[in-house]
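There are 4 protein chains.
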Amino acid sequence: MLLSGVFPPLTTPFASDGSISLPDLEHNILQYNGTDLAGYVVLGSTGESVLLTKAEMEGIFVTAKEAAAREKKLIAGTGAESTAETIERTKRAAELGYDAALVKTPHYYKPAYKPDVLIAHYRRVADASPIPLLLYSVPQFTGIALEPPEIAALAEHPNIIGIKDSSGSVQRLAETITTVPEAFQVLVGSASTVYPCLTIGACGAILALACALPEKCVTLFELFRQGHHEKARQLQSVLVRASKLIVSECGIAGVKYVMDQRGYRGGIPRLPLPPLSNEQKTRISDFLAHLEPAMARA
Amino acid sequence: MLLSGVFPPLTTPFASDGSISLPDLEHNILQYNGTDLAGYVVLGSTGESVLLTKAEMEGIFVTAKEAAAREKKLIAGTGAESTAETIERTKRAAELGYDAALVKTPHYYKPAYKPDVLIAHYRRVADASPIPLLLYSVPQFTGIALEPPEIAALAEHPNIIGIKDSSGSVQRLAETITTVPEAFQVLVGSASTVYPCLTIGACGAILALACALPEKCVTLFELFRQGHHEKARQLQSVLVRASKLIVSECGIAGVKYVMDQRGYRGGIPRLPLPPLSNEQKTRISDFLAHLEPAMARA
Amino acid sequence: MLLSGVFPPLTTPFASDGSISLPDLEHNILQYNGTDLAGYVVLGSTGESVLLTKAEMEGIFVTAKEAAAREKKLIAGTGAESTAETIERTKRAAELGYDAALVKTPHYYKPAYKPDVLIAHYRRVADASPIPLLLYSVPQFTGIALEPPEIAALAEHPNIIGIKDSSGSVQRLAETITTVPEAFQVLVGSASTVYPCLTIGACGAILALACALPEKCVTLFELFRQGHHEKARQLQSVLVRASKLIVSECGIAGVKYVMDQRGYRGGIPRLPLPPLSNEQKTRISDFLAHLEPAMARA
Amino acid sequence: MLLSGVFPPLTTPFASDGSISLPDLEHNILQYNGTDLAGYVVLGSTGESVLLTKAEMEGIFVTAKEAAAREKKLIAGTGAESTAETIERTKRAAELGYDAALVKTPHYYKPAYKPDVLIAHYRRVADASPIPLLLYSVPQFTGIALEPPEIAALAEHPNIIGIKDSSGSVQRLAETITTVPEAFQVLVGSASTVYPCLTIGACGAILALACALPEKCVTLFELFRQGHHEKARQLQSVLVRASKLIVSECGIAGVKYVMDQRGYRGGIPRLPLPPLSNEQKTRISDFLAHLEPAMARA
Numbered sequence: 001m002l003l004s005g006v007f008p009p010l011t012t013p014f015a016s017d018g019s020i021s022l023p024d025l026e027h028n029i030l031q032y033n034g035t036d037l038a039g040y041v042v043l044g045s046t047g048e049s050v051l052l053t054k055a056e057m058e059g060i061f062v063t064a065k066e067a068a069a070r071e072k073k074l075i076a077g078t079g080a081e082s083t084a085e086t087i088e089r090t091k092r093a094a095e096l097g098y099d100a101a102l103v104k105t106p107h108y109y110k111p112a113y114k115p116d117v118l119i120a121h122y123r124r125v126a127d128a129s130p131i132p133l134l135l136y137s138v139p140q141f142t143g144i145a146l147e148p149p150e151i152a153a154l155a156e157h158p159n160i161i162g163i164k165d166s167s168g169s170v171q172r173l174a175e176t177i178t179t180v181p182e183a184f185q186v187l188v189g190s191a192s193t194v195y196p197c198l199t200i201g202a203c204g205a206i207l208a209l210a211c212a213l214p215e216k217c218v219t220l221f222e223l224f225r226q227g228h229h230e231k232a233r234q235l236q237s238v239l240v241r242a243s244k245l246i247v248s249e250c251g252i253a254g255v256k257y258v259m260d261q262r263g264y265r266g267g268i269p270r271l272p273l274p275p276l277s278n279e280q281k282t283r284i285s286d287f288l289a290h291l292e293p294a295m296a297r298a
Numbered sequence: 001m002l003l004s005g006v007f008p009p010l011t012t013p014f015a016s017d018g019s020i021s022l023p024d025l026e027h028n029i030l031q032y033n034g035t036d037l038a039g040y041v042v043l044g045s046t047g048e049s050v051l052l053t054k055a056e057m058e059g060i061f062v063t064a065k066e067a068a069a070r071e072k073k074l075i076a077g078t079g080a081e082s083t084a085e086t087i088e089r090t091k092r093a094a095e096l097g098y099d100a101a102l103v104k105t106p107h108y109y110k111p112a113y114k115p116d117v118l119i120a121h122y123r124r125v126a127d128a129s130p131i132p133l134l135l136y137s138v139p140q141f142t143g144i145a146l147e148p149p150e151i152a153a154l155a156e157h158p159n160i161i162g163i164k165d166s167s168g169s170v171q172r173l174a175e176t177i178t179t180v181p182e183a184f185q186v187l188v189g190s191a192s193t194v195y196p197c198l199t200i201g202a203c204g205a206i207l208a209l210a211c212a213l214p215e216k217c218v219t220l221f222e223l224f225r226q227g228h229h230e231k232a233r234q235l236q237s238v239l240v241r242a243s244k245l246i247v248s249e250c251g252i253a254g255v256k257y258v259m260d261q262r263g264y265r266g267g268i269p270r271l272p273l274p275p276l277s278n279e280q281k282t283r284i285s286d287f288l289a290h291l292e293p294a295m296a297r298a
Numbered sequence: 001m002l003l004s005g006v007f008p009p010l011t012t013p014f015a016s017d018g019s020i021s022l023p024d025l026e027h028n029i030l031q032y033n034g035t036d037l038a039g040y041v042v043l044g045s046t047g048e049s050v051l052l053t054k055a056e057m058e059g060i061f062v063t064a065k066e067a068a069a070r071e072k073k074l075i076a077g078t079g080a081e082s083t084a085e086t087i088e089r090t091k092r093a094a095e096l097g098y099d100a101a102l103v104k105t106p107h108y109y110k111p112a113y114k115p116d117v118l119i120a121h122y123r124r125v126a127d128a129s130p131i132p133l134l135l136y137s138v139p140q141f142t143g144i145a146l147e148p149p150e151i152a153a154l155a156e157h158p159n160i161i162g163i164k165d166s167s168g169s170v171q172r173l174a175e176t177i178t179t180v181p182e183a184f185q186v187l188v189g190s191a192s193t194v195y196p197c198l199t200i201g202a203c204g205a206i207l208a209l210a211c212a213l214p215e216k217c218v219t220l221f222e223l224f225r226q227g228h229h230e231k232a233r234q235l236q237s238v239l240v241r242a243s244k245l246i247v248s249e250c251g252i253a254g255v256k257y258v259m260d261q262r263g264y265r266g267g268i269p270r271l272p273l274p275p276l277s278n279e280q281k282t283r284i285s286d287f288l289a290h291l292e293p294a295m296a297r298a
Numbered sequence: 001m002l003l004s005g006v007f008p009p010l011t012t013p014f015a016s017d018g019s020i021s022l023p024d025l026e027h028n029i030l031q032y033n034g035t036d037l038a039g040y041v042v043l044g045s046t047g048e049s050v051l052l053t054k055a056e057m058e059g060i061f062v063t064a065k066e067a068a069a070r071e072k073k074l075i076a077g078t079g080a081e082s083t084a085e086t087i088e089r090t091k092r093a094a095e096l097g098y099d100a101a102l103v104k105t106p107h108y109y110k111p112a113y114k115p116d117v118l119i120a121h122y123r124r125v126a127d128a129s130p131i132p133l134l135l136y137s138v139p140q141f142t143g144i145a146l147e148p149p150e151i152a153a154l155a156e157h158p159n160i161i162g163i164k165d166s167s168g169s170v171q172r173l174a175e176t177i178t179t180v181p182e183a184f185q186v187l188v189g190s191a192s193t194v195y196p197c198l199t200i201g202a203c204g205a206i207l208a209l210a211c212a213l214p215e216k217c218v219t220l221f222e223l224f225r226q227g228h229h230e231k232a233r234q235l236q237s238v239l240v241r242a243s244k245l246i247v248s249e250c251g252i253a254g255v256k257y258v259m260d261q262r263g264y265r266g267g268i269p270r271l272p273l274p275p276l277s278n279e280q281k282t283r284i285s286d287f288l289a290h291l292e293p294a295m296a297r298a
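Protein chains in written order, with this note's numbering: chain A, 1 to 298; chain B, 1 to 298; chain C, 1 to 298; chain D, 1 to 298.
One or more hints might be untrue.
Which copy is meant is left open, because identical chains are indistinguishable; a pair holds if it fits in one copy or across any two.
[As the list claims (entries may be wrong)] Simulated crosslink set (DMTMM-like; lysine to aspartate or glutamate; CA at most 25 angstroms straight-line): (1) 54 x 85; (2) 244 x 156; (3) 72 x 99; (4) 281 x 71; (5) 65 x 150; (6) 281 x 66; (7) 110 x 182; (8) 54 x 99; (9) 281 x 56; (10) 110 x 147; (11) 216 x 88; (12) 244 x 99.
These are computed hints drawn from the structure, not numbers from a lab.
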């Protein structure tokens with residue numbers, strides 16, 4: 001199970017009445033099938049998974065599996081607060097044919113979630129899971145970062161094959177890579193540092209920005225893979241600005257807005273996530289208008 | 001709806017097979033009915049609400065309502081990540097006869113939850129709720145603190161009657177109290193600062209420690225109310241140590257362990273929350289052995 | 001050496017050419033001599049000590065000692081980054097007749113200043129000092145907080161008699177007080193929590209706000225001491241607002257501006273500290289205009 | 001004034017009586033003169049500048065200037081808390097023939113040092129300085145980070161030619177590089193991310209690790225410059241471990257200990273900085289013993 005390449009964490013489209021729209025999800029996936037994305041993460045943070053009901057999650061898992069092209073790898077976001085529910089979701093994803101599970105750290109009872117508690121949690125899930133696990137560290141949402149020592153301890157488990165590190169810390173990622181066995185796969189979760197992370201040994205990337213600008217993200221990966229470092233640097237520079245504006249400042253609503261401009265079905269996020277302001281929409285539109293010329297220069 | 005006095009956020013007892021034990025919950029409430037606790041918070045953070053299924057929550061809401069003595073006020077913890085689910089839970093609690101709802105801040109998408117987004121969320125819930133709301137700020141778990149300006153804005157809503165502030169910041173609580181209308185009720189959520197918070201105008205307290213040591217917490221409140229400041233200071237000093245050891249260091253497992261020693265049904269928390277180590281149990285037992293003499297001296 | 005009561009950390013007046021103005025300092029102290037302030041802190045954080053040259057510090061130490069009334073206790077701020085310089089400054093203050101030294105934590109090399117390193121530093125200074133020491137924890141400036149375990153360890157040193165805790169955490173202060181011997185004196189360093197801190201056992205306060213509003217701060221202390229809890233609560237409520245506006249939002253420039261309004265010589269701070277904006281001046285003036293009526297009502 | 005390449009921030013050697021040892025400093029510089037280091041930073045954070053007296057600083061500035069080879073660029077650390085003293089130190093460095101000044105952010109009064117205050121401070125220093133300035137952001141020591149908007153604003157000043165960013169955040173560095181004019185020179189200050197930072201456009205590095213392992217750091221820079229990306233990646237991986245152990249965990253004492261092993265005069269730091277424990281010495285010695293074989297493999 002090699003996870004090289006770029007994966008978007010699919011957004012969840014909503015219908016005008018606020019319910020999820022599985023046809024729109026299918027539409028998006030069919031379009032992504034035509035790109036060189038390596039696969040899809042279903043029900044990650046960008047998928048608004050914490051805002052969905054259990055029944056909605058099931059519908060999304062089923063629809064995404066059916067719509068995804070055969071060659072695309074499918075990673076299911078299955079992390080819940082309780083160990084038991086995480087295992088239940090992971091088993092269901094395995095039943096449905098997902099290739100791997102992405103398990104975020106439990107986080108509500110932060111003061112209790114010391115490294116040994118997190119290690120025990122992940123080992124229980126990995127023991128019970130029929131499919132391999134990816135650890136998922138996303139401290140900007142959870143307030144908890146997996147650090148190299150606990151990652152290294154968990155990398156010894158035969159059913160834990162890698163990590164998505166969305167902390168944005170290249171230093172932590174570098175320390176992780178020097179600490180884990182070579183086969184352990186480190187994926188970066190922030191578009192603004194993809195290229196530098198690839199240069200130090202990350203094998204792939206799971207990027208919210210790839211929902212909106214999949215070709216650009218794939219091109220960056222390919223430029224690196226083929227050793228075109230100067231071009232990679234220039235494209236990364238553009239994506240730094242794109243990521244800052246679209247993902248960091250505007251969040252899921254920003255990603256969905258760009259999708260709407262590009263033939264995907266984005267829509268607006270579920271409350272309490274706010275829709276974009278007009279000012280934000282204008283800034284994004286202006287940015288996109290200058291994107292192709294900027295790319296052409298780069 | 002006056003929320004003066006001390007409220008424990010009830011713990012959730014689990015049977016040996018890991019399922020919730022409603023008879024144990026009933027047992028605990030019947031015992032608490034004999035104390036001077038002002039009422040109960042059902043499904044708060046100490047109730048491990050984020051580790052429970054929807055069906056388990058329903059069972060707990062129903063059982064607690066039935067077991068609680070008529071004169072005890074009942075506050076339902078109904079905060080979920082999505083606005084819609086928060087409203088749904090709040091309506092269900094109202095149907096069941098709960099007096100008020102305690103709504104924690106949504107928190108997963110922290111960078112998006114700016115003050116105006118939180119205000120909009122709370123207003124939507126308050127508009128839709130048949131029962132009055134208490135805001136709930138608990139940054140040690142959520143990473144988000146409600147600050148005096150947004151609390152003051154929300155205090156203008158006729159269906160928002162107060163706040164539980166568990167941040168532990170007496171300064172923030174003091175600023176809140178000087179900012180909101182006098183009728184807005186501020187409850188403190190940390191046992192180590194109850195007495196100083198009462199001296200500056202808090203009207204009550206919701207304390208995990210009150211699950212384990214209800215009489216002590218009630219006594220502290222009464223000492224303050226009757227103007228016995230020196231005795232209140234001495235008892236607060238004992239409770240500072242109790243809170244630090246039992247709640248801050250040992251967490252929900254610590255609270256439950258003391259409950260087991262005192263005739264309640266505590267048990268162990270649900271995974272990934274870890275049970276106490278033997279060393280922690282010994283430290284708590286030693287502390288409890290010295291508690292009565294310390295109280296007598298105080 | 002009892003440090004009960006209220007102490008202002010004296011501001012440093014500057015002449016129009018940017019040099020320090022010792023006559024203005026003398027003027028201020030002579031006025032303060034007529035109040036019930038317990039004494040003065042010379043060259044604390046509010047005295048802009050880190051912006052002064054060695055020669056300027058010497059002038060201030062000498063002038064303050066000469067101007068201070070006999071019965072006022074004199075505390076010298078002597079903490080520097082290096083242990084040797086801290087000892088040198090402390091010895092000089094002792095020579096000049098200061099009663100005690102206030103020693104802030106060294107802080108530049110934060111990652112290295114683990115508790116045992118701080119303990120060793122303070123022990124060396126206390127061993128070498130002819131006068132008793134007060135520890136000084138001010139994390140909003142230094143990024144380092146002294147915690148109850150290290151405070152308790154240092155409280156055993158015969159030449160360390162207390163602490164000024166400016167962290168604003170009443171919980172930490174409460175834990176400190178329950179941990180140290182009764183003779184160890186805990187002074188609070190934030191005006192917004194003076195009264196609640198006194199109720200749990202603080203013996204005094206060192207308050208930037210007391211430079212600007214000495215009588216109000218002294219009155220609060222006296223109300224508490226005489227058991228007028230309701231009046232103390234009301235005055236504290238006013239001082240919460242005063243402290244937030246004047247000290248927290250406007251800083252040293254705010255304190256000096258109020259001094260200028262009240263017959264003291266405040267002036268502006270030294271660069272890079274900025275002077276007040278006109279908007280800030282207006283807000284402070286408006287606040288002061290309403291202060292006496294608010295006090296009268298309270 | 002091009003600042004490409006690797007610069008060590010020179011350590012300050014102390015004699016056995018605790019005074020500074022200028023002959024040892026000269027010895028070190030003469031050795032460094034034989035390497036391909038691009039120049040030296042004199043009195044940076046690693047030089048323990050905040051622990052030195054004014055007279056000691058003068059001696060070091062003079063000695064370093066005299067000992068440095070003609071072709072080595074000389075950067076003087078001149079940042080002080082006050083604007084006036086920063087200007088004074090910068091002018092003195094210019095008089096002595098330093099090529100540029102490295103000015104760290106003032107930081108004690110953190111809450112007051114908003115972006116516009118920092119911008120005004122740097123502009124005043126830049127206006128007054130006879131030599132070009134490098135901004136210096138080192139939040140792990142100061143608690144203040146310079147962010148891309150203020151860096152971009154300052155980059156417009158003709159006498160501000162670059163920045164040393166020691167925050168360790170590759171994302172911030174990437175955003176800075178995409179925001180400033182091309183001529184503005186960005187130097188990275190953390191050895192664990194040198195190579196990834198070079199790939200995105202940093203022009204050089206100021207590294208504490210380069211005091212201890214100058215050749216390795218220079219080799220990494222050269223590998224990158226010549227496009228040997230795979231070898232650069234492997235050497236970076238070794239330096240990640242070296243930097244973590246020697247610099248992050250052991251601090252200045254760690255850097256000096258390695259210098260002692262390598263023919264330089266390291267010695268121990270000044271108090272309150274602690275010397276290494278025996279356990280730390282053993283870990284470093286073990287690491288160094290495996291370093292050459294690891295490099296050979298890489």
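Okay, the hints, checked on the actual structure:
no.	hint	verdict
1	54 x 85	both (11 angstroms within a copy, 12 angstroms between copies)
2	244 x 156	between (35 angstroms within a copy, 22 angstroms between copies)
3	72 x 99	within (10 angstroms within a copy, 52 angstroms between copies)
4	281 x 71	neither (35 angstroms within a copy, 52 angstroms between copies)
5	65 x 150	neither (32 angstroms within a copy, 43 angstroms between copies)
6	281 x 66	neither (33 angstroms within a copy, 51 angstroms between copies)
7	110 x 182	neither (31 angstroms within a copy, 34 angstroms between copies)
8	54 x 99	within (21 angstroms within a copy, 28 angstroms between copies)
9	281 x 56	neither (29 angstroms within a copy, 42 angstroms between copies)
10	110 x 147	both (15 angstroms within a copy, 21 angstroms between copies)
11	216 x 88	neither (36 angstroms within a copy, 41 angstroms between copies)
12	244 x 99	neither (31 angstroms within a copy, 35 angstroms between copies)
Violated hints, listed in ascending order, are 4, 5, 6, 7, 9, 11, 12; each of the other numbered hints is respected by the structure.
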